[in-house]
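Novice: Here's the letter readout for the chains.
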Amino acid sequence: MDRYAQMFQRLDNDKQGAFVPFVTLGDPDMETSLEVIEALIAGGADALELGIPFSDPIADGPTIQKSAIRALDKGVSPKDCLAIIRRIRERHREIPIGLLLYSNLVLAPGIDEFYRQCAEAGVDSILVADVPIREGEPFMAAAKAQGIHQILIAPPNASEQTLQQIGELSSGYTYLLGRAGVTGTETAADMPASNLISKLHEVGAARPILGFGISKPEQVKAAIEAGAAGAIAGSATVKIIEQHLENKAMMLTRLTEFVAGMKAATNR
Amino acid sequence: MSKHLSTKFGDYGGMYVPELLIPALDQLEQAFIDAQQDPEFQQEFKSLLNDYAGRPTPLTRTRNLVSNPKVTLYLKREDLLHGGAHKTNQVLGQALLTKRMGKTQVIAETGAGQHGVATALACALLGLKARIYMGAKDVERQAPNVFRMRLMGAEVIPVNAGSGTLKDAVNEALRDWSASYQDAHYLLGTAAGPHPFPTIVREFHKMISEEIRAQILEKEGRLPDAVVACVGGGSNAIGAFADFIDTPEVQLIGVEPAGKGLHTHEHGAAIAKGTKGILHGAYSYIMQTPEGQIEESYSVSAGLDYPAVGPQHAYLHDIGRATYESVTDEEALNAFQILARKEGIIPALESSHALAHALNMADAAEQETLIVVNLSGRGDKDLAHVQQFLKGDSHNG
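So the sequences go chain by chain: A and B. Read in the working numbering, the first sequence has 118 at position 118, and its numbers run on one by one without any break. Read in the working numbering, the second sequence has 340 at position 340, and its numbers run on one by one without any break.
Next up, chain A with everything else stripped away, as it sits in the complex (with noise of 0.2 Å):
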């Protein structure tokens, strides 16, 4: 069963948009990480966005990069991120579960036995921020022999053609980019996306979800009331875990409650 069908057909019913967060696996530690992971989830997030750490993230500005160098420093490798997922997925059978890397990391089990790992862990879908469209056949393949949804990337400077590609070949959902440039709250998404949002809506592609930008419930709204079908906040929610380091109880409490008011701005 799909859970980003699922998902999307729950919150038609309830006329509200998916709020989705970004974490890094294994930040600050692995303990931690499955921890915070929960916490998210009691906010009420509808689908997770998890990160493998990755030594140069070139999509990344400097929250999520702190991050990824939080995890690396403790030792996480791709292995135990993955079985973080396969813990959180053992206690949360609905819940969408996407993962964000980097392509060095897929080559190095191999493309296929890579994905094979994601899909037994219980991996929904699997977006590789330096792998466009048109690097992007064996990695698709791989993903459509182990029922994984290959999530591409619609950014605001997309030709004609690659927004065809992504009519064509987009499942699970499509990541829309608020604006250019990389991860980071330190420049907000553009509002509204509505033009990329309904050429995309006429390409056929998967729903679209808004991030890069996002951390505040107000974006959240303009994002759903733009046509979004939701929004991901990765660096916001990472900085929520950097400030609190050395205050886990208060970490997870607020990470808890910012999920929560970012959850409220989705009703349509």
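These are computed hints drawn from the structure, not numbers from a lab. Fair warning: there could be bad hints in the mix.
Footprint (simulated), chain B over chain A, 3 or more residues, beta carbon under 8 Å [said to hold, decoys possible]: (1) 70-80; (2) 120-133; (3) 158-165; (4) 170-181.
Note that beta-carbon positions come from the ideal geometry of N, C-alpha and C, so glycine has one too.
Fit chain B to the known structure of chain A by using the hints.
Specialist: Below, chain B without anything else, positioned relative to chain A:
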């Protein structure tokens, strides 16, 4: 848009970048294709190379360096090019492309500072605004080049992320570009990175091998038996090889930095010791852990201190058209001093790697051998560093 250029060399290369950067790379490829067919562009490039940068550079026959009478060794004198290294060639080409695309700013990364200096001088000349990312550690150990860049009006931005060296500077330049591509060109400094950079950088350095061919034919009446060049990312080597790739009788030899030895983890020999993977947009040989995290490289020479190699070198290695050897810090430092003492030329530490291997070849030669070493840069920038090394009080790079 129609595609004219192949994006890969065998399996190597490609465009492994965020979707957001694809339009900028496509625009660059188109501008490059158009410029290559535009006589006016070619004329302007050539006139800058000749009248500003000082091409053609001499091909110097060494007098005292080689004791084996069977061996003749020539140096291609890129060290005499304006800016102090071959880097100026392709920077002028890409700076002209920047203007052609109507962009006003240039982003660049630099390790030793040579590419940064070349970028700064080209931008000063052509009225472009340059911002140059440099690892914080490199900013510290390459202070004179930082001052040179700033003198010529470039902004130098220290990068603290990661290891604070060249690979982190490339990461930061790519991040900047993904927000600024509308007005800024990323002037990548080596024959690595996503397509079309490896092809553009090769074509804009190709005159090195074209000149070698013409000059050696004039002096010796025949082609060299071997062309030897150092390889970090591989820009000077691909320039020195390019015109000979289809001339199989000329042996092509790239020399990687073995640092403190290939048996240690402190080297930068991506072809010798690396495995296949993706770094900075290209599939190639890279230094990585079994899990795919990028490892830090090491070399006494900052310009070779890079954990990957340009994709065309990976391909030339696999098909056996070029061979890749390696040379330790110690051997390079020796060659550095020998060239100074015997010929009165102080080479860059990078180029000293190529020279060290050529000297080994010369010692071993049993028949008449004609060798050309691409002396990619001069050693002024390395003087303080080498002085410290020779005093024996610096082993931390």
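Novice: Do at least three Cβ atoms from the segment 170-181 of chain A come closer than 8 Å to Cβ atoms of chain B?
Specialist: holds (count 3)
Novice: For the segment 70-80 of chain A, do three or more residues have a beta carbon lying closer than 8 Å to a beta carbon of chain B?
Specialist: holds (count 4)
Novice: Has the segment 120-133 of chain A got at least three residues whose CB is nearer than 8 Å to a CB belonging to chain B?
Specialist: holds (count 5)
Novice: Residue count check for the segment 158-165 of chain A against chain B: does it reach three with CB-CB under 8 Å?
Specialist: That given contact holds, which follows from 3 residues of the segment 158-165 of chain A lying within Cβ reach (below 8 Å) of chain B.
The structure meets every hint from the earlier list without exception.
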